[in-house]
Structures are given as structure tokens and as C-alpha cells.
Amino acid sequence: AQSVSQHNHHVILSEAASLELGCNYSYGGTVNLFWYVQYPGQHLQLLLKYFSGDPLVKGIKGFEAEFIKSKFSFNLRKPSVQWSDTAEYFCASSEAGGFKTIFGAGTRLFVKA
Amino acid sequence: KAGVTQTPRYLIKTRGQQVTLSCSPISGHRSVSWYQQTPGQGLQFLFEYFSETQRNKGNFPGRFSGRQFSNSRSEMNVSTLELGDSALYLCASSGQGNGYTFGSGTRLTVV
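As you go down the protein sequences, you meet chains R and H in turn. Sequential numbering of the first sequence, starting at 1, is according to our numbering. Sequential numbering of the second sequence, starting at 1, is according to our numbering.
Take the hints with a grain of salt, since some may be wrong.
What the hints assert, rightly or not - Examples of chain H residues toward chain R, derived with CB under 10 Å:
id, residue
1, 50
2, 52
3, 56
4, 60
5, 62
Unchecked claim - Each pair of labels, with its calculated beta carbon distance range:
id, chain 1, residue 1, chain 2, residue 2, range
6, R, 20, H, 13, 22 to 30 Å
7, H, 95, R, 54, 18 to 26 Å
8, H, 60, R, 95, 30 to 38 Å
9, R, 20, H, 18, 31 to 39 Å
Calculated from the structure, these hints are not laboratory results. In this text the structure is predicted, and so the values were computed from the model without any measurement. We treat Cβ as the ideally placed atom computed from N, Cα and C, and that holds for glycine.
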């Protein structure tokens, strides 16, 4: 069965530190991959997505993610975090052409000012 | 354009009762998905609808059901509520498979 695993449940960083959140998916076929973010008190919103093509995907607010097919990974990165990046981040995958998106358990990021 | 609208925002129900939640997707989005979000289980997929047809269903008991209307609005129903059904129920709409736009959710508390 399709599954998504996020390595860290909680991450604490200081402002200006670099961020990398791990994500692995289990499906062996063609997948679509996503990162969503939920800021405190707000609803989930799409950060970036990968369907095909360049494996390095750039999203909003300076975030990027790299799809590494051989490692079944789609890690989220940001070179320098800000206090406003404090949020919960969810990795998600769906089979290409499928009708169900599976979410990881989420990573809570706290950025210290 | 207006986002995904879920009503009501909050609900308190008693065990054994039933509840209906509503979702209005973004205009033009024909796919509507429902998720249950809890602190312990994260986001669990309930079902997905497209043009009034359920295309996929998650691993939830038959007490959980849904439907979609011709205007793409969707409802989900939970019958014979249990304490464990307390959760945030999220609706998400999608157009052309470009990822979800989520609503703010309905927080259901079963007492």
C-alpha cells in the first residue's frame, strides 16, 4: 500500500539556519509529490509540487524540494529560515492519474527568533 | 476567487447521533476530497468525488459516507457517532490534478 514517511516529528531551528525536512514515499510506480504547510491558525496550503521533469522544484517563500527517484525521497529545503516559517509541514504523494493523496504524519517546525 | 468553504466550523454531537458536513469547492473545481485529521493519526483519506461519482474510498467504516451534487458541492455524513470520530474534517478541492486547495475544516466533537 502507498505510504509516506516523514523523518522528524519536531524540528527546532534558529533564524537564518538551513532547513531540510525528510520525506520518503513507498509507491513504486509514477508518483506526484507535494509539500503542504499549515501555519498556526490557518488552513493547509500547497507549498510546492512535483509531477515530472526537473527533479528540483521551487515553491513559494523560498522553499524547494528535490525528487530523488532512486531513494524514493522528496526532501524539503530552505537555505535560511525565518521566524514566520514556524508551521507544520506535510509531505504527500499520489499515484500519477490516481484519485487519492496520502499524507505523511507531519513535521512541526519551530523557528526561534 | 472564493476559497473552499466548509460548514459548519464547529459541531458538538452526542454518541449515537448522526452528522452532515458540507463543502463548497472552488468554482470550476470538480474533484472534492475529504480527510479526517487527528493528532494521533494525522490526515487520513476518507473519499474523493468527481462529477458526482465516488472514485476512491479510504479505510473507514460504512458509517462514513458522502456524496457530490451536480454543482460540485459535497457533503459527508457520519452515522451512529462514536467518541473516536472527534476530529477535524477537511475538505479539499482540485482542478486538473494540480494539488489541493483546502478548506478551514469542521471540528467535530462527540460527547
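To see whether the hints hold, each was checked on the structure:
The closest approach between the C-beta of residue 50/H and any C-beta of chain R is roughly 7 Å, which is under the 10 Å cut-off, so the hint is satisfied. About 14 Å separates the beta-carbon of residue 52/H from the nearest beta-carbon of chain R, more than 10 Å, and the hint is not met. For the restraint placing residue 56/H at the interface with chain R, the shortest Cβ-Cβ distance is roughly 4 Å, inside the 10 Å limit, so the hint holds. The beta carbon of residue 60/H comes no nearer than 13 Å to any beta carbon in chain R, farther than 10 Å, and the hint placing it at the interface is violated.
At a threshold of 10 Å, the smallest CB-CB gap from residue 62/H to chain R is about 18 Å, leaving the interface hint violated. In this structure, residue 20/R and residue 13/H break the distance hint of 22 to 30 Å, their C-beta atoms being roughly 42 Å apart. Checked against the given bound of 18 to 26 Å, the beta carbons of residue 95/H and residue 54/R, roughly 23 Å apart, stay inside it. Distance hint check for residue 60/H and residue 95/R: the Cβ-Cβ separation is about 20 Å, which falls outside the suggested range of 30 to 38 Å.
Evaluation of the 31 to 39 Å hint for residue 20/R and residue 18/H yields a failure: the beta carbon distance comes to about 45 Å.
Against the hints set out earlier in the document, violations occur for numbers 2, 4, 5, 6, 8, 9.
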